[in-house]
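**Student:** Assemble the dimeric complex from its two separately framed chains, guided by the hints.
Residue-level listing of the chains:
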Amino acid sequence: AQSVTQPDIHITVSEGASLELRCNYSYGATPYLFWYVQSPGQGLQLLLKYFSGDTLVQGIKGFEAEFKRSQSSFNLRKPSVHWSDAAEYFCAVYAPWGGYNKLIFGAGTRLAVHP
Amino acid sequence: DAGVTQSPTHLIKTRGQQVTLRCSPISGHKSVSWYQQVLGQGPQFIFQYYEKEERGRGNFPDRFSARQFPNYSSELNVNALLLGDSALYLCASSSDSSGNTIYFGEGSWLTVV
Chain A
38 AQSVTQPDIH
48 ITVSEGASLE
58 LRCNYSYGAT
68 PYLFWYVQSP
78 GQGLQLLLKY
88 FSGDTLVQGI
98 KGFEAEFKRS
108 QSSFNLRKPS
118 VHWSDAAEYF
128 CAVYAPWGGY
138 NKLIFGAGTR
148 LAVHP
Chain B
145 DAGVTQSPTH
155 LIKTRGQQVT
165 LRCSPISGHK
175 SVSWYQQVLG
185 QGPQFIFQYY
195 EKEERGRGNF
205 PDRFSARQFP
215 NYSSELNVNA
225 LLLGDSALYL
235 CASSSDSSGN
245 TIYFGEGSWL
255 TVV
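Note that the protein sequences, when read in sequence, are chains A and B.
Going by the working numbering, the first sequence opens with residue 38, and the numbers climb by one from there.
Going by the working numbering, the second sequence opens with residue 145, and the numbers climb by one from there.
Pulled out of the complex, with its shape left as it was, chain B reads as follows (with noise of 0.2 Å):
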């Protein structure tokens, strides 16, 4: 079976625009999260969605948004890109909500110049 797949694995973007990256799950997995990390920190947590909803949010301002598909795959969404925003972004993926084993994508190189 595939892991988490995420997709693109890199992309450079101007400050101002907008980005979207996806995750795939891993088959029969429901639950999807997002993280972000910065260059020499460790991941911080962005949004958790499970079946389809939205269960919770981190400390990140409105221009970040998601969504979850019936698939169980799943959009980031980032506007008004600043350069703060260049980090890896990561989606996880586990069977339910409930803490059990959280699987991790590869992620998602971003720049923003």
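Isolated chain A, as found in the complex (with noise of 0.2 Å):
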């Protein structure tokens, strides 16, 4: 069954340092990847994502992430994390299941920031 696992449940970074939060997943073929960004009460904002073709996105808020197939991994990152950066990242997969698609979700990570 398609799976997103994300390894990292709290991180915490200083301002200014540089950030790589995990996502891994399980699926058969290549699925189409996503993360989002969710503040404290907030909805799920659109951060970057990958259907095809180069494997490293670039995506809002300086963010990029790299797809590896061999790896099945989709890691986020950011060279130099901001404050506002604080929040929590949510992976996912999007992918076939039983005749329609569906988002799978990661548990998320939280991240923290000091100043």
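No wet-lab data here; the hints were simulated from the structure.
Worth double-checking, as some hints may not be accurate.
[Stated by the list, open to error] Computed cross-link-like contacts, BS3-like style, restricted to lysine-lysine with a CA-CA straight-line distance of at most 30 Å:
hint, chain 1, residue 1, chain 2, residue 2
1, B, 157, A, 86
2, B, 157, B, 196
3, A, 98, B, 174
The structure presented is a predicted model; accordingly, all values stated were derived computationally and were not measured.
**Tutor:** Structure below.
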């Protein structure tokens, strides 16, 4: 069955430091992959997506992610974190399931940023 | 253009009551999906509708139902509310059902007491 694993529940970084959030997926073919961010009490905002082509994708707010088929991973990165990046981050795979398509989310990684 | 809009934003219901949540997709989008996000977890798929037809249903009891209207807006209904139904209910909109970019609304916070 399709699944998404985000191994890190909480991550704390200092402002200005680099960031990498891990995401591993389980799916038989190349899926559509997404990263969403959720600020407290808010809905989900799309950061970036991978459908095909270049395995390094750029998103909003200075984020990027790299699709690695051999590792079934889609890790999110940012070279310099800002205090406003503190939020919860969700990796998701969009894949066919039982004749329809649905987003399968990981459990999320909560990011705290120290000044 | 407006994004995905949901109403109400917050509501409190009593166990056993019924609730209706509403969603308007992005203009031109024909697919609407509903997700439930329990505190501390990732969103879980409930329904997908495309062109007014149910395309998929997640692992939720029959107390959960939905429909999509000719203008592509959608309603999610939950009957016989349980405490465990307390969650953020998210509506997602996309232009088709094939996995194109999916946008979420701000959600409806449901508290069951």
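**Student:** Against this structure, judge whether each hint is valid.
**Tutor:** Hint by hint, here is what the structure shows:
Distance hint between residue 157 of chain B and residue 86 of chain A is unfulfilled; the C-alpha atoms sit about 36 Å from each other, more than 30 Å. With a CA separation close to 28 Å, the supplied pair residue 157 of chain B and residue 196 of chain B stays within the 30 Å bound. The straight-line distance between the Cα atoms of residue 98 of chain A and residue 174 of chain B is roughly 28 Å, inside the 30 Å bound, and the hint therefore holds.
Against the hints set out earlier in the document, a violation occurs for number 1 only.
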